[in-house]
Amino acid sequence: MTEQNEFVKECLQNERAFCTAECPFNLDVRDFVGKIQQGRFNVAYRTYQNAVGFSGIVSALCPEPCKQVCPMKDAGGSISMKLLEIAAMSYARNTAPDQYNMPPKGNRIAIIGGGISGLACALRLTTKKYDVTIYEKSYLLGGHLFDLLNPEIFLDDIKQQFINENYTLLLNTEISSLDDLSYDAIYIATGKGGNDFGLSHNEEGAFATTKSGVFIGGSIAGVDTMTAIAHGLNVSGAIERFLKVGKMNHPEEATGTKLLYEGIRITKADAVEPSNGKTFTKEESVDEANRCLKCACDACVHHSPLMNYFKKFPKRIADEVEVTIRPSTLDGNGTVCTRLISTCNHCGLCKEVCPKDIDTGEFLRESMQAMHKKGAMPWAFHEFYMRDMEFSNNEAALVKLPKGHKKSSYMFFPGCQLGASDPRYVTESYKFLTQHFPDTALMLNCCGAPADWAGDVENHAKVIGKIKDDWINLGKPIAIFACPMCKQMLQRFLPEIEGQFLYNIIDEKGINLKKNTKKEIASVFDPCASRYESALQSSIRNLATKAGFNLEPLPMEGKMAECCSYGGHVAIAYPPYVSHNVQKRIEQNNNPYITYCSNCRDIFTAAKKPTWHILDIIFDLDNENRVLPTISERRDRRLKLKQQLLNEFWKESSIMEKPAIEVLISQELKEKLNSKYILESDIYTIVGNCEQSGNKLFNPNSETFTGYMQIGKMTYWVEYRARQERGFELVNAYCHRMKIEEGE
Amino acid sequence: MMEEKKLICHKCQKELELKKTNFSYLGHIFFTEVPRCPECGLVFISEDLVKGRISEVEMQMEDK
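Protein sequences, first through last, are from chains A and B. Position 229 (the first sequence) corresponds to 228 in numbering that gives the first Met the number 0; numbering is contiguous. Position 42 (the second sequence) corresponds to 41 in numbering that gives the first Met the number 0; numbering is contiguous.
Hints in this document: simulated from the structure, not taken from any laboratory. From the three backbone atoms N, C-alpha and C, an ideal C-beta is built for every residue, glycine too. Honestly, I wouldn't trust all of these hints.
[To be verified] Result set (PhoX-like, lysine-lysine): computed pairs, CA atoms no more than 20 Å apart in a straight line:
| # | chain 1 | residue 1 | chain 2 | residue 2 |
| --- | --- | --- | --- | --- |
| 1 | B | K50 | A | K675 |
| 2 | B | K50 | A | K372 |
| 3 | A | K712 | B | K50 |
| 4 | A | K311 | A | K738 |
| 5 | A | K738 | B | K50 |
| 6 | A | K738 | B | K18 |
| 7 | A | K583 | A | K608 |
| 8 | A | K671 | B | K50 |
| 9 | A | K738 | B | K13 |
| 10 | A | K738 | B | K19 |
| 11 | B | K50 | A | K669 |
| 12 | A | K66 | A | K257 |
| 13 | A | K311 | A | K399 |
| 14 | A | K81 | A | K310 |
| 15 | A | K310 | A | K267 |
| 16 | A | K373 | B | K63 |
[Said to hold, decoys possible] Covered stretches of chain B, as calculated for chain A (at least 3 residues, CB under 8 Å):
| # | stretch |
| --- | --- |
| 17 | 6 to 15 |
| 18 | 21 to 29 |
| 19 | 40 to 48 |
| 20 | 52 to 59 |
[As the list claims (entries may be wrong)] Ranges of calculated distance between the beta carbons of each label pair, as one might list FRET restraints:
| # | chain 1 | residue 1 | chain 2 | residue 2 | range |
| --- | --- | --- | --- | --- | --- |
| 21 | A | R325 | B | E32 | 33 to 43 Å |
| 22 | B | K19 | A | A721 | 26 to 36 Å |
| 23 | A | K372 | B | K19 | 50 to 60 Å |
| 24 | B | I28 | A | K583 | 34 to 44 Å |
| 25 | B | I28 | A | G464 | 31 to 41 Å |
The shape of chain B in the complex, shown without the other chains:
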């Protein structure tokens, strides 16, 4: 099976690396590691992450 190639930042032509990133929602700040461009910091968030942990935390914040 072919190895999955990493996402590339179109502008910087660099492979994305896992880096700590901050998120905010309803006045709360969270952080997690997501792929980012080491040069310009462009972020990638997968649909799986959105469907999973992100929507879970969103719901928790709304009902906290």
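Chain A on its own, in the form it takes in the complex:
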């Protein structure tokens, strides 16, 4: 196993179901039941018969150890495997054994003991056309089955299963010494207390004795009837191996399972009772089979939005990531799953639901870093967000001690998107905090999540380093977070910074909340980064309840919180995935949501789901019907916020710089620019550049100019015309990722 997929070694994906692990025959119950569920009794019968050898005998005698471990035991009753097996036998179109037209094998095998274990061995070997001789000391076949079952049943089954096969049967023949026998291999199945010919078990392999070519198994080994049959079936494999390679080292059958009950989603359903009191009808069989959970560990694929969307388990993801990071293609540039790696929301739900705590999200984060380091991850997936982070940490950043203070006990860390969504979220919160803690500094910038999600370790380290320096300069204050993601990020990379939540403080200190007199019903949507912040989750519910809301829980909340789809900045890398998930999040119920992450709030509002940010309720911001800001407005709002904060809290006046060039952009085009992630500020830059350099084309048909410019790695095109009065008017804009190189 390579380093890359080391993390999945504990994965339980391929573990056997509890019932299969208990079954002496290792019957693949998921497969068998699946066939019954589809009403395919014939193929279900074949699955069963192939596993047990003598279906009539086994279905009559099996004590159903599977029932003891079935998770349905306390949820309506264990699945009645015996009745399903009988149904498979009864309703199969054809129960006659298959006839195999194979040439006889040259090897001769002796089986000592004509009991059911010896017969099971004979059945497997004769089907493969080995020359088999059975020695039975009594006058008939069947051994201890005579003590357990009506001879008619088992003799019929034995006759039926051997209908196409031949063997030599020597009754009334007791073997006292193996020296009298001249065979290529021997199976000793002399039954409970039978003759072991002085041989003991050889640890080298399954059923092996200390004598080469001689195997032992069945009731003589002290096992029950079902296991004795299974021994007979399985020893044939050990004998064949010996005949082919001369070794006695056939591996022991794998037993048990690592599957855990906590990985199984149990749905209660009452056991189906046979209407005739004895056996199932076809319909009853299907109903009973449908109760079966077909136990398998799939918690991750069920819950994780990414694994559910791609229908891929961690092992498959690990394999695909491995060939993406270390491709074996000749040009070394295979990128099998760059998009999958870029699609992780880093919400942490996969680890939370995994009974083995496998953290696929963390694996994908590291994979992203590896791809970024190689320069193999498409830059376009994250460039917009990296530029946005750059903006938040420069033009829009504000790190300041409160007026009149030389150091601070607290610092408010609102995060970059809160003010971009609505500057009042930040100003009102800061006002509240400084009223209660006058020495609260402000650190308005980005927590570095965009760089972390882009796998850009170098840039991320710079952001974290700057935050740390600023924090030290502010006097190492306690951080007060408004955004759960910022707290998660800082706690991870700067654990020395103690952190609290704004909402816990508001809840504790109290605030005059405007009562929702309509007693509106709402549901709290916990942001994914709040997963392990139970105190925060209760504060939000407290505040909403105090404000007069009747709260109804969501199916996925608390520790099971799901990402709104903002996490990981997936929107550019894989837009259909984002739409799919947003839809699923908002359809959890029909109530309006209350959340406490501005990204959740804005994403749901964009999808027409009535959603409040808790700060809308706390500060009565009347944001119910607001129009969402575009990406350009989100930048403007951050600049205005900075200006406003400086004015209000530090009495410093600042003037916002106006663009050097005036370009009129229609509402329709503003929407287009927003959807294409084109900033209006970039439009000004490009038009200015075209005008200044003269590098522009004139279209005589539309009387417009067209020009382009590469900003970052993206190439942007603008079509515009001069306005009569002054400035310009944008006619169209678009962009592409491909770079224009020199022509011939």
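For chain A, the structure is supplied; the task is to place chain B on it using the hints.
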């Protein structure tokens, strides 16, 4: 119907002509014929080309 007039390079005052042009993305180089100024080489790429073939190739390169 009036004949579509060709784009003119503002600097050189020349009509654009179809010329072979190289493009690159994620380490791969492609070329195609697009209108260029015969004098200074200024390129024109239409939105239709961006929406069509260019974004198609971009996607292919990202998922290759």
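Evaluation of the provided hints:
no., hint, verdict
1, B:K50 / A:K675, "holds (12 Å)"
2, B:K50 / A:K372, "violated (30 Å)"
3, A:K712 / B:K50, "holds (18 Å)"
4, A:K311 / A:K738, "violated (34 Å)"
5, A:K738 / B:K50, "holds (15 Å)"
6, A:K738 / B:K18, "holds (16 Å)"
7, A:K583 / A:K608, "holds (12 Å)"
8, A:K671 / B:K50, "holds (14 Å)"
9, A:K738 / B:K13, "violated (24 Å)"
10, A:K738 / B:K19, "holds (14 Å)"
11, B:K50 / A:K669, "holds (19 Å)"
12, A:K66 / A:K257, "holds (18 Å)"
13, A:K311 / A:K399, "violated (47 Å)"
14, A:K81 / A:K310, "violated (33 Å)"
15, A:K310 / A:K267, "violated (25 Å)"
16, A:K373 / B:K63, "holds (16 Å)"
17, 6 to 15, "holds (count 6)"
18, 21 to 29, "holds (count 8)"
19, 40 to 48, "holds (count 6)"
20, 52 to 59, "holds (count 4)"
21, A:R325 / B:E32: 33 to 43 Å, "holds (38 Å)"
22, B:K19 / A:A721: 26 to 36 Å, "holds (33 Å)"
23, A:K372 / B:K19: 50 to 60 Å, "violated (35 Å)"
24, B:I28 / A:K583: 34 to 44 Å, "holds (41 Å)"
25, B:I28 / A:G464: 31 to 41 Å, "holds (37 Å)"
Violated hints, in rising order: 2, 4, 9, 13, 14, 15 and 23; the structure is consistent with all others.
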